[in-house]
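Work out the full structure: start from the sequences and follow the hints.
Order-wise, the sequence lines are chains A and B.
Under our numbering, the first residue of the first sequence carries the number 1, and numbering increases by one thereafter.
Under our numbering, the first residue of the second sequence carries the number 1001, and numbering increases by one thereafter.
To be clear, the hints were calculated from the coordinates, so they are not data collected in a lab.
Note that the structure is predicted; figures quoted are calculated from it, not measured.
There's no promise every hint is true.
Unchecked claim - Pair ranges (Cβ atoms, derived):
#1 R679(A) with S1063(B): 39 to 45 Å
#2 I1033(B) with L699(A): 25 to 31 Å
#3 Y1054(B) with T671(A): 26 to 32 Å
#4 Q710(A) with I1033(B): 37 to 43 Å
#5 T671(A) with I1033(B): 39 to 45 Å
Quick reminder that beta carbons are idealized off the backbone N, C-alpha and C, glycines included.
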Amino acid sequence: MVVEEGIQVIEDKFLINSAILVILIPFLTGIFLLFLRGLEIRNKTKFSERLTGSIGVAGLLGSLINATIIIFTYFNKYDAKTQRVIGDTPFVSSAHGTFKWGISLDPLSVIMMFLLAFIASVIHFYATEYMHGDTAYTRFFGTLNFFTGAMFGFVLASNLFMAFVFWELLGVSSYMLIGYYWPKASAASAAKKAFLYNKIGDVSFLVGIAYIWQITLKAHHPTLDYHELTNLISNGTISINQLWFPGLLLFGGAIGKSAQLPLFGWLPEAMEGPTPVSALLHSSTMVKAGLFLLSRIYFTFVTVGGHYEAFIPEGDAALTATLITWLGVLTALCGALIALTATDIKKVLAFSTISQLGYIGMAMGTGQIHVGFYHLVSHATFKSLLFLCAGAVIHSVHSQEMKDMGGLKKYMPYTYWTMLIGLLGLVGFPFITNGFYSKDALLVAIKNSDIPLAGLAFTIALITAGITAFYSSKLFILTFLGTPRYDKDHVHPHKTGIRMRIALIILAIAVVIESVWWAVGSIGGLASEKINKSFWNFEYRLGDLIGIHGAPFALIDTIPSILAVILGISLAFGMYFYQIPFLISLKEGGFIIKLENIIANRFGFDKLIYVLAMGPGMWVGSKFRRFDEEVIDGFIINTVIKDGSLKLADYSNKLDQDGIDGVVNGLGDITSELGYNLRKVQTGQTSQYARWMMFGLALLLSIMTLLYFQTFTIK
Amino acid sequence: MIPVEWFLTLSVVMFVGGLFGVLTQKNAMRILISVEIMLNAANLAFMAFNGVFYNADFPNSFSASDFEGWVFVFIIIGVAAAEAAIGLAIFLSVYRNFGEIQITNIFTLKEQEV
Chain A
1 MVVEEGIQVI EDKFLINSAI LVILIPFLTG IFLLFLRGLE IRNKTKFSER
51 LTGSIGVAGL LGSLINATII IFTYFNKYDA KTQRVIGDTP FVSSAHGTFK
101 WGISLDPLSV IMMFLLAFIA SVIHFYATEY MHGDTAYTRF FGTLNFFTGA
151 MFGFVLASNL FMAFVFWELL GVSSYMLIGY YWPKASAASA AKKAFLYNKI
201 GDVSFLVGIA YIWQITLKAH HPTLDYHELT NLISNGTISI NQLWFPGLLL
251 FGGAIGKSAQ LPLFGWLPEA MEGPTPVSAL LHSSTMVKAG LFLLSRIYFT
301 FVTVGGHYEA FIPEGDAALT ATLITWLGVL TALCGALIAL TATDIKKVLA
351 FSTISQLGYI GMAMGTGQIH VGFYHLVSHA TFKSLLFLCA GAVIHSVHSQ
401 EMKDMGGLKK YMPYTYWTML IGLLGLVGFP FITNGFYSKD ALLVAIKNSD
451 IPLAGLAFTI ALITAGITAF YSSKLFILTF LGTPRYDKDH VHPHKTGIRM
501 RIALIILAIA VVIESVWWAV GSIGGLASEK INKSFWNFEY RLGDLIGIHG
551 APFALIDTIP SILAVILGIS LAFGMYFYQI PFLISLKEGG FIIKLENIIA
601 NRFGFDKLIY VLAMGPGMWV GSKFRRFDEE VIDGFIINTV IKDGSLKLAD
651 YSNKLDQDGI DGVVNGLGDI TSELGYNLRK VQTGQTSQYA RWMMFGLALL
701 LSIMTLLYFQ TFTIK
Chain B
1001 MIPVEWFLTL SVVMFVGGLF GVLTQKNAMR ILISVEIMLN AANLAFMAFN
1051 GVFYNADFPN SFSASDFEGW VFVFIIIGVA AAEAAIGLAI FLSVYRNFGE
1101 IQITNIFTLK EQEV
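If you want it as structure tokens, here you go:
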């Protein structure tokens, strides 16, 4: 049970400050650019694209430099296995405990941060050309930087509270990015859909956090820190039997963000955003946030054994892990099947993302966090490359439908080659691609896991791998090979622009490097134990660092997946490239078409959610509305507030007029009356005045005389 | 020696006569003359009392207290002179403006009917 024993918390001001810069630079440049956009709108001008684009890219490059410094310093200076660099400050204090605000540098967050910084920088660079001529260029970069900054914050957060804050920032900035072309109704509704679907998960996430807080509070160690929670579990203060339910709630958040079944409907719609946004969203930010969260809170659903073997707990606690795994498996299958029927190049990639996310979720559910993370890294790299390639194609033919493409190899050689590299990764082409090794690790993980019906799950995952190969090949053939089908009079495919080309090549090189790395680690690991234990074997090394070990790479395990992939590829080539009549007749069979319809409707999940939202949701809404109209508007507003305040106003009016005005006016009237009457005394007759004077003087004298007699004579 | 009561009686007669003149006369000049008579009645009373309280024990030596009444008389004569001068000036001015000095006919400072 003891995993985190001997973990040491290090305070390193330099690394923490660098990490703060990683978050702050994109954040602040984003806000600054949005401020510039405000100026643009007010002054009805446009800053030069060179300026705003440079600020946008510079923000990310700043992050990348800091991230590079951090990743090298952390792994060189410290023993990543036992040492964590954590910088916390209290954020909200109460009598019961403190919500902290801090940064945690551990293997997962550091690797994720570097990956994100790298991919996001390339995508930003690509976007400077892709978005050329857009009226809201500044807004695009502002939001994109803000979005990336939010993801950095989420990745580096040391506790669930801070993670939640950045999680929400991610949600809102993704809303802005998906709805970037908001004048288009479909974009606006896609943004709304993404936001609402995510919101369901967010509520679950928040409740989960509150639940964990309550549990730790009862155990007299109130904390939301990942690190401290792990400690509490390893020293037995709280047990997994208490944590599996909050774990499930947190997974609810991941379902929304990572587009797992049944809340995957928003991800394909999110294609309404510009392509660089899709690339960022699908590779390393938004959808990976949910899975990254799972890898952070794995202690809530799996137990990690003393000999570094993650296993699913017994009893009720197994529910969460089982649910995560099986939802992952089903998501993988559904995503792949829907990708088969999609005709839009970006939608194919979107559903393939859903499918791959299912894969990763599946591996995380079995407790093989490092395997999930392994595939996450591969997927982030090749999926961002694929989206950027798709963007280049769309930029070139001005259509997203694959039926408008074909034969583009001649016009776009760079895109052709880079896309080939990316697709080979996605397919998991045997032995030469990164996708192959990470997917193999996933399949092994699911095969060896102890979830219920692991064999079935393994079979489904294998079938999914075949389908993935099929639709990827189909995408490739329909786009680049064969005869051109676009409107030749209007569309003239051109070479990809220089900056876009550079971005594609950088990412393709990254995929190749990863492929070589994974291959050396896995194949070389078979030959020499030294390589197997070194950093070359990424999977093993990562598992070692976070304290989990899975089954080692073995050639025999790869055979089913190789067969599935080859079958998928050959079927696709037979059907779409060589157009073998038998296979085409298969495709056009009545049953298949019916099935296609079901699949194209996304198995009715969207409809189900729609019905759920429209039925009970609208019913509850209508009740609330009636309550609002009758009770709040009718009684409280009309009767109590309106009539009551009118009456009150009436009374105070009366008081004012009769009371206060009366006193004031009365005083004035008296004075005026007195003055009016007194002036008649002034007759203007001097002798009269003299008479009065004499009379007054006489009176005064007599009084004084009387007083004189009283005081002196009588005494 | 004439008793002091006689002086006082004469003073009262003068004062009341002056007062009567002030209250009844309509010509401003007459009123001024009546005022002068009243002032001189007061002078007479001062002088009478100065004589009464004169220190008779030392007829050949004078002290300051022996002339107290005289001081008042001189001041009153000065005031009367100044008053007469101002009064005459005012009457002159009034005469120029109104063509007469009958005070019953001069009441422009009175509040007019509204």
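Discussion item. The hint says 37 to 43 Å between Q710(A) and I1033(B); measuring C-beta to C-beta, is that right?
Written reply: holds, 39 Å
Practice prompt. Return holds or violated for the Cβ distance of I1033(B) and L699(A) against the range 25 to 31 Å.
Written response: Holds: the Cβ-Cβ distance is about 27 Å, inside 25 to 31 Å.
Discussion item. Holds or violated: the 39 to 45 Å window for the beta-carbon distance between T671(A) and I1033(B)?
Written reply: holds, 43 Å
Worksheet item: Taking the CB of Y1054(B) and the CB of T671(A), does the distance hold inside 26 to 32 Å?
Response: violated, 57 Å
Practice prompt. Could you check the hint for me, namely that R679(A) and S1063(B) are 39 to 45 Å apart, CB to CB?
Written response: violated, 55 Å
Of the numbered hints stated above, those contradicted by the structure are hints 1, 3, listed in ascending order.
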